[in-house]
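Q: Please build the complex by placing chain E on the supplied structure of chain V, with the hints as guidance.
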Amino acid sequence: MHIPDAFIPIPQGIIYWIIALVFVVLALKWAKNEMNEEKLPLVAVLAAGIFALQSFNLPVSMGTSGHLVGGALAAIVLGSPFAAVFILTMVLIVQGVLFGDGGLTTMGANIINMGVIGGFVGFYTFKGLMGMTKSMPIAGLAAAWLACLIPSLACAVEMFIAGTVPLREGLIAMGLYHAIIGVIEGIVTVAAIYLITTVRPDLVDTGVKSARGAGAS
Amino acid sequence: MMDNKTFIIAGIIVALLIGVVAVFLASGDPDGLESTALIVQGQKTLTGDTPPDAEIHEDLTGKFSYESPMPDYALGEEMGPLGGLIAIIVGTILAFLIVLGLAYGIKMAGKAT
Chain V
104 MHIPDAFIPI PQGIIYWIIA LVFVVLALKW AKNEMNEEKL PLVAVLAAGI
154 FALQSFNLPV SMGTSGHLVG GALAAIVLGS PFAAVFILTM VLIVQGVLFG
204 DGGLTTMGAN IINMGVIGGF VGFYTFKGLM GMTKSMPIAG LAAAWLACLI
254 PSLACAVEMF IAGTVPLREG LIAMGLYHAI IGVIEGIVTV AAIYLITTVR
304 PDLVDTGVKS ARGAGAS
Chain E
30 MMDNKTFIIA GIIVALLIGV VAVFLASGDP DGLESTALIV QGQKTLTGDT
80 PPDAEIHEDL TGKFSYESPM PDYALGEEMG PLGGLIAIIV GTILAFLIVL
130 GLAYGIKMAG KAT
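Sequences listed follow chains V and E, in order. Heads up: the first sequence begins at 104 in this note's numbering, then just goes up one per residue. Heads up: the second sequence begins at 30 in this note's numbering, then just goes up one per residue.
Here chain V stands alone, though its shape is the one from the complex:
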């Protein structure tokens, strides 16, 4: 759901950029205050992993492909939605500037969708469901699914405001495709959380450790 430059008029792109920058500044503050040095390697490895995963387009039938977004994964593993904003912003800069994947004037909108909305939806869904179910796979799957679906609907609304795609068609198509892509996102997210908590339980936040039970690591 990387929006190219051609899909949003420049003035609207600037407005999204301004909103995005507020969150980017908050994400930098998060990095300064909350990210301890022990976590630096995890943050950087997650950025590399999310970049690679985003390049892997999997077929989702109906002549469409999709890839993982990674907002939920970053937010859950690092214990803050701002971690997702931080990592996704950097990944989107590399993708947009080097590979033309996602536009430059539309990067603000892409940061809002995948980093901000993806991160916040993923983090709070996970937190809420962890409290209720105590099951990392259930909470992780649902969080990542929603963190893929909701940003795609936001994207559809932005496309409508931009005059690129009618609202109803956009919501139906984006919702349908990303409901399927979200299942992949969910499975990969749960697998990645499991993998990271297995090799480095000390680096992971958000009650994931307790989810696996005492002595599970």
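Keep in mind that the hints are not guaranteed to be accurate.
Unchecked claim - Taking lysine-lysine pairs in the DSBU-like style, the calculated list, with each CA pair at most 30 Å apart, reads:
1) V:K230 / E:K92
2) E:K34 / E:K140
3) E:K140 / V:K135
4) E:K136 / V:K135
5) V:K132 / E:K140
6) V:K230 / V:K132
7) E:K34 / V:K135
8) E:K34 / E:K136
9) E:K34 / V:K132
10) V:K132 / E:K136
11) V:K135 / V:K230
To be verified - Coverage of chain V stretches by chain E, computed from C-beta distances (three or more under 8 Å per stretch; other residues unrestricted):
12) 165-178
13) 199-206
14) 223-235
Worth flagging that the hints you see were computed from the coordinates, not collected in a lab. Backbone N, C-alpha and C define an ideal beta-carbon position, used for all residues, glycine too.
A: Frame of chain V; chain E shown alone:
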């Protein structure tokens, strides 16, 4: 438990492996947003296949345009899959280095003040 160095190396290897496999196995079908645009432009139905010659018409009036050095994660037709491999490896390493550098810089700046 894995130490930091092993964790970083293992993490980067996993990321590079995913990227390398992606160059050969990734689907060439349009992504969700591109598919949606094709539907609106009447080139594809919601659940139907994407015709091989489908192309998104971009109206660039009032829009910004930018030519990236490695569009579509490739280095041009003549380079083929090798270009794709180079693009993905460069991107993965860069994403790692930029985030590590920035995060490290922020921590150092925070300490200095």
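Q: Hint by hint, note whether the structure agrees.
A: Here is how each hint holds up against the structure:
1. V:K230 / E:K92: With a Cα-Cα distance of about 40 Å, the restraint between V:K230 and E:K92 is violated, given a limit of 30 Å.
2. E:K34 / E:K140: 23 Å, holds
3. E:K140 / V:K135: 9 Å, holds
4. E:K136 / V:K135: 6 Å, holds
5. V:K132 / E:K140: Given pair V:K132, E:K140 holds - Cα atoms ~13 Å apart, limit 30 Å.
6. V:K230 / V:K132: Status holds; Cα separation ~22 Å.
7. E:K34 / V:K135: Status holds; Cα separation ~22 Å.
8. E:K34 / E:K136: 19 Å, holds
9. E:K34 / V:K132: 26 Å, holds
10. V:K132 / E:K136: 10 Å, holds
11. V:K135 / V:K230: 23 Å, holds
12. 165-178: As far as the region 165-178 of chain V goes, the hint holds, because 6 residues have Cβ atoms under 8 Å from chain E.
13. 199-206: Coverage by chain E holds here, the residue count being 7 at a Cβ distance below 8 Å.
14. 223-235: It is violated, with 0 qualifying residues against the three required.
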